[in-house]
Amino acid sequence: MPPSPDADAAALPAAGARLAVAASMSVPASSASKRKLGVVFWIAVAWICLVVVMAVFAGLLPIDGPDNLSYLSKLGSSFSHPFGTDELGRDLFSRVIFGSRVSLEVGFGSIFLGLVAGGFAGLIAGYMRGIFDAVTSAVANVILSFPALLLLITVAAFWGRAWWKITLIIAIIATAPLFYVVRSSTISFAGRDFVLAARTMGASRWRIVTREILPNVMPAAISFGLIGVAIAIVAEGTLSFLGLSVAAPTPSWGNIIAEGQSSTAASDPWIWIWPTLIMFMTLLALNIAGDRLQRFFDVREGRL
Amino acid sequence: MSLLHKAGRLAFPDVEAPGAPPLLEVDDLHTSFRTPLGLVRAVDGVSFTLQRGRTMGLVGESGSGKTVLSRSIMGLLPRANLERSGRVLFSGHDITAMRPRELRQVWGAHIAMVFQDPMTALNPVVRIGRQITEHLRLHLSMSRSEARETAIALLNSVGIPEPRARLRSYPFQLSGGMRQRVMIAIALACGPKLLLADEPTTGLDVTIQAQILDLLAAQQAERYMAMILVTHDLGVVAGRADDVVVMYAGKIVEMGPTNALFSDVKMPYTEALLASIPRLTDPVHTRLSAIEGRPPDLVSPPHGCRFAPRCRYVQARCTEEEPPLVEGDTPGHLFACWFPVGSITTRGPRPTTAAQSGPSS
Amino acid sequence: MTVSDPATAPQSAATAAPRPGPGGIAAAPLPPGLFHDGAVLTVEHLVVEFPAPRGRRVHAVSDVSFDVRDGETLGLVGESGCGKSTTGRAIIRVDRPTSGRVVFDGTELTALGPEALRRARTRIQLIFQDPISSLNPRRRVRDIVAEPLAIWQRGTPAEREQRVRDAITAVGLDYDAAADRRPHEFSGGQCQRISIARALMLDPKVVICDEPVSALDVSVQAQILNLLEDMKARYGLTLLFIAHDLAVVRNISDRVAVMYLGRLCELGPSDDVYARPAHPYTVALLASIPEPDPAAARNVTPIAGDIPSPIDPPSGCRFRTRCPFAQQRCTDEVPPLTAIGPERFVACHFPLATSGPRSSAGSAGSSPEPAPPIQVDTPPTAP
Numbered sequence: 270m271p272p273s274p275d276a277d278a279a280a281l282p283a284a285g286a287r288l289a290v291a292a293s294m295s296v297p298a299s300s301a302s303k304r305k306l307g308v309v310f311w312i313a314v315a316w317i318c319l320v321v322v323m324a325v326f327a328g329l330l331p332i333d334g335p336d337n338l339s340y341l342s343k344l345g346s347s348f349s350h351p352f353g354t355d356e357l358g359r360d361l362f363s364r365v366i367f368g369s370r371v372s373l374e375v376g377f378g379s380i381f382l383g384l385v386a387g388g389f390a391g392l393i394a395g396y397m398r399g400i401f402d403a404v405t406s407a408v409a410n411v412i413l414s415f416p417a418l419l420l421l422i423t424v425a426a427f428w429g430r431a432w433w434k435i436t437l438i439i440a441i442i443a444t445a446p447l448f449y450v451v452r453s454s455t456i457s458f459a460g461r462d463f464v465l466a467a468r469t470m471g472a473s474r475w476r477i478v479t480r481e482i483l484p485n486v487m488p489a490a491i492s493f494g495l496i497g498v499a500i501a502i503v504a505e506g507t508l509s510f511l512g513l514s515v516a517a518p519t520p521s522w523g524n525i526i527a528e529g530q531s532s533t534a535a536s537d538p539w540i541w542i543w544p545t546l547i548m549f550m551t552l553l554a555l556n557i558a559g560d561r562l563q564r565f566f567d568v569r570e571g572r573l
Numbered sequence: 013m014s015l016l017h018k019a020g021r022l023a024f025p026d027v028e029a030p031g032a033p034p035l036l037e038v039d040d041l042h043t044s045f046r047t048p049l050g051l052v053r054a055v056d057g058v059s060f061t062l063q064r065g066r067t068m069g070l071v072g073e074s075g076s077g078k079t080v081l082s083r084s085i086m087g088l089l090p091r092a093n094l095e096r097s098g099r100v101l102f103s104g105h106d107i108t109a110m111r112p113r114e115l116r117q118v119w120g121a122h123i124a125m126v127f128q129d130p131m132t133a134l135n136p137v138v139r140i141g142r143q144i145t146e147h148l149r150l151h152l153s154m155s156r157s158e159a160r161e162t163a164i165a166l167l168n169s170v171g172i173p174e175p176r177a178r179l180r181s182y183p184f185q186l187s188g189g190m191r192q193r194v195m196i197a198i199a200l201a202c203g204p205k206l207l208l209a210d211e212p213t214t215g216l217d218v219t220i221q222a223q224i225l226d227l228l229a230a231q232q233a234e235r236y237m238a239m240i241l242v243t244h245d246l247g248v249v250a251g252r253a254d255d256v257v258v259m260y261a262g263k264i265v266e267m268g269p270t271n272a273l274f275s276d277v278k279m280p281y282t283e284a285l286l287a288s289i290p291r292l293t294d295p296v297h298t299r300l301s302a303i304e305g306r307p308p309d310l311v312s313p314p315h316g317c318r319f320a321p322r323c324r325y326v327q328a329r330c331t332e333e334e335p336p337l338v339e340g341d342t343p344g345h346l347f348a349c350w351f352p353v354g355s356i357t358t359r360g361p362r363p364t365t366a367a368q369s370g371p372s373s
Numbered sequence: 010m011t012v013s014d015p016a017t018a019p020q021s022a023a024t025a026a027p028r029p030g031p032g033g034i035a036a037a038p039l040p041p042g043l044f045h046d047g048a049v050l051t052v053e054h055l056v057v058e059f060p061a062p063r064g065r066r067v068h069a070v071s072d073v074s075f076d077v078r079d080g081e082t083l084g085l086v087g088e089s090g091c092g093k094s095t096t097g098r099a100i101i102r103v104d105r106p107t108s109g110r111v112v113f114d115g116t117e118l119t120a121l122g123p124e125a126l127r128r129a130r131t132r133i134q135l136i137f138q139d140p141i142s143s144l145n146p147r148r149r150v151r152d153i154v155a156e157p158l159a160i161w162q163r164g165t166p167a168e169r170e171q172r173v174r175d176a177i178t179a180v181g182l183d184y185d186a187a188a189d190r191r192p193h194e195f196s197g198g199q200c201q202r203i204s205i206a207r208a209l210m211l212d213p214k215v216v217i218c219d220e221p222v223s224a225l226d227v228s229v230q231a232q233i234l235n236l237l238e239d240m241k242a243r244y245g246l247t248l249l250f251i252a253h254d255l256a257v258v259r260n261i262s263d264r265v266a267v268m269y270l271g272r273l274c275e276l277g278p279s280d281d282v283y284a285r286p287a288h289p290y291t292v293a294l295l296a297s298i299p300e301p302d303p304a305a306a307r308n309v310t311p312i313a314g315d316i317p318s319p320i321d322p323p324s325g326c327r328f329r330t331r332c333p334f335a336q337q338r339c340t341d342e343v344p345p346l347t348a349i350g351p352e353r354f355v356a357c358h359f360p361l362a363t364s365g366p367r368s369s370a371g372s373a374g375s376s377p378e379p380a381p382p383i384q385v386d387t388p389p390t391a392p
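Protein chains in written order, with my numbering: chain A, 270 to 573; chain B, 13 to 373; chain C, 10 to 392.
Across the chosen pairs, the derived CB separations fall in these ranges:
hint: 1; chain 1: C; residue 1: Pro-62; chain 2: A; residue 2: Ser-453; range: 20 to 30 Å
hint: 2; chain 1: B; residue 1: Val-311; chain 2: A; residue 2: Arg-474; range: 37 to 47 Å
hint: 3; chain 1: C; residue 1: Pro-60; chain 2: B; residue 2: His-42; range: 48 to 58 Å
In silico negatives: residues of chain B with every beta carbon more than 10 Å from chain C:
hint: 4; residue: Pro-34
hint: 5; residue: Glu-95
hint: 6; residue: Arg-160
hint: 7; residue: Glu-234
hint: 8; residue: Arg-235
hint: 9; residue: Pro-314
hint: 10; residue: Val-326
hint: 11; residue: Glu-332
hint: 12; residue: Asp-341
Quick caveat, the hints were computed from the structure, so don't treat them as lab data.
Where a beta carbon is used, it is the ideal one built from N, C-alpha and C, also for glycine.
Can you make the complete structure from the sequences, with help from the hints?
Here it is as structure tokens:
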């Protein structure tokens, strides 16, 4: 590690009016602005953005409807059908894009809800500690103790398969780990002197939590959340694969893959390879983005 | 330079023998780190020799390169992103050219190190006893019981009460001062010829610091070791070192026998550093003369003398030519300055900032 | 201020021998002259204890009393675990005092409710040891320094910006270059300057400096010490300067209070205490300082032993386990704070000689034992 020059650029101030403001603010050149997230991070982010934009504007894209049965079944890749067609003659490219809607809605939606609920509880618990912390931590422990996938399958089977129900269930399960991440990060920042300084200046608890702690906790929560989105997409995909997510005509990554693996389609692997590949790329991009972001902020913290 | 291999082990000639190389010779050592911002020249052309039984105080502020220099001497620097040249000769062997296997033979047995933070330097989950005996059994091939008895004797010699019981302690069960004593016992275990103490008392209380410094001095005299005391505290070296080396921005700016150096400071940086320390003998509210500005950027250090931008005696020549490290009137007292303290009558006026004229309420 | 009755002060305290207990500490009477009229901050019988594992208690601060006069700098010095930082934090009730009173400018801080305390705290500000940890890494310097004004909604945005500009300039930084940067872009010394600017925004009366230069390099330390002196003169501040470095404390303090393991050992004008220390601990502390001068003879061997744990402090005088002069009485009785000269107070049964005439309130005279043999150039003054 290069030595960190710790010195003072400031000239000596004189008392009273004779302030010698000769201070040359030669800030150390190795500032955070020089630190880069790296090209891999931006490729990952670009991929996520592409997938999201395609999903949002799927209806406006010059592609067939996902339920359009007008083609021959099991066509290979071609210019008009980049991914080919499935065994019912539906355009696979279109199905993968429309299918991403469910995956992304569930993935981002559940983690967003989990982050709001778990993050809020984690902030309060980490800063206030005491009885609130004890109760919320106990609840989070209980949630973590359930085998998540079994819980998902059971609840989905009995409660229903609407996408918002799946989202809600995953959100509740995701609340616990997000709560712990935010809580532990809050505890470490709450012990810093700048929080104490704010207290002694008369800042209210709300102000301390929102102005001093939240901005410091956010990066960790968001980078962890991105990885959470990937996990949630896998969970939805698994449910979907098992036929426990959105009902049959509506495509989702999971059920496209499941259809592709059905016995009649076994001879045409691209039917499941294409959606799997797109899903894999998206998950990889989310994980890379979360991981790089985490490291980026860790390094900046490390400098402190 | 002859590397004497005996059955795969390095052999070290008796440095006391006539004609033998000095215990430690650092020859034009450069250590630089490649960073995204450029080459950081942490140590930039450092040379000195250290004889057995001597204590050298290595003084500098943070960023002066003193820690990188001490790590370079140990051969402890990571090889990635490192550029170095020059030699570090320990009893004639070049440390910088050693393979890891050879370095491991040198560490502990010949050169030992005492770190600033004993809590992180000691393994927290291993009992004190095993941390000491491990070295003895590895380097000196002692039996288990021999090593144990030696460890007890070592703990006793570094002033740890009830050494037999302490062998079973974990580091967290000891106070900071006791942990540093254990570190010293581990460092001394294999009878090293050179002890590198890197800020050994920085985290300790002042009464404990005095105990540890006394302990180091006593052990050093008893074992006739050489010691390098790395510190930012001129007070620590003034009382404890035979020779002092002052570093600034990766270079030695002044070195010499302690008494000669302190009684006749030549380099303006050393003078300024001494002047910025509050003294017990000064009256209350004495205005301290701080060094203005900041140490230079080690990626692109200033032309000429590196201290010139902050020097109160700076002349045109200082920014043009780099002053060499030369010997003054006193033998062994070297300094790198074109206009050493007291040499020129045309001394620049003392700084006009608050350093002199400020209020002292 | 409550000044205890001079007649009863030392003797009765010596026999009472208050011992710390879970319910607090039986307060020893205070010597006359300890408190001054018009003191801006008075700390009286302050006790701070923290819960420790297995039902035990950390005796962080045990019966500490002193005051700080308007415009002076009081240095609070001692080694780790002596309670100096806890004392500073207990004054503004960041650490809650277990018992005792803190009176600031006529207001008893220890009796205030949350809202009143919030208001009172604006006039006592804290500067921390770690300059980087004390600034929020995600906020810009202008927001950090303006935060106190924003909390209290003082002034218009334009007025606030002007005040922030003035403060940042006053601490020796270039406002235009610094305002939009974040703390990690600054060196430790510069961060400490920003901290000082922030502490000055609410026009405090008292600034508690908790080891403000310990983390800095020597040359930067001198800059910050000079800056503190400048700010004190410019804004009429009163400083409580907490540090472990005796030379630094001496440089900046008018009076100095020496603490050891939660108790006050010695209190007096800096010059006097450093020239003629009366408590054996002060002597040991002074002897341990490495002076940057090889000619300075170190004839005193450092005191032996470790600092005991504040969970289970020694009975009687807490320094007795390391004191070369300890007697039986030091184990049995807690030495009360006693006047030994004008403005000089020491908590020791057998204080070392001071040059001035011994105060009649000196406790050594009441000692039943003969004076202990003290091998120091000045003989003990037990009549």
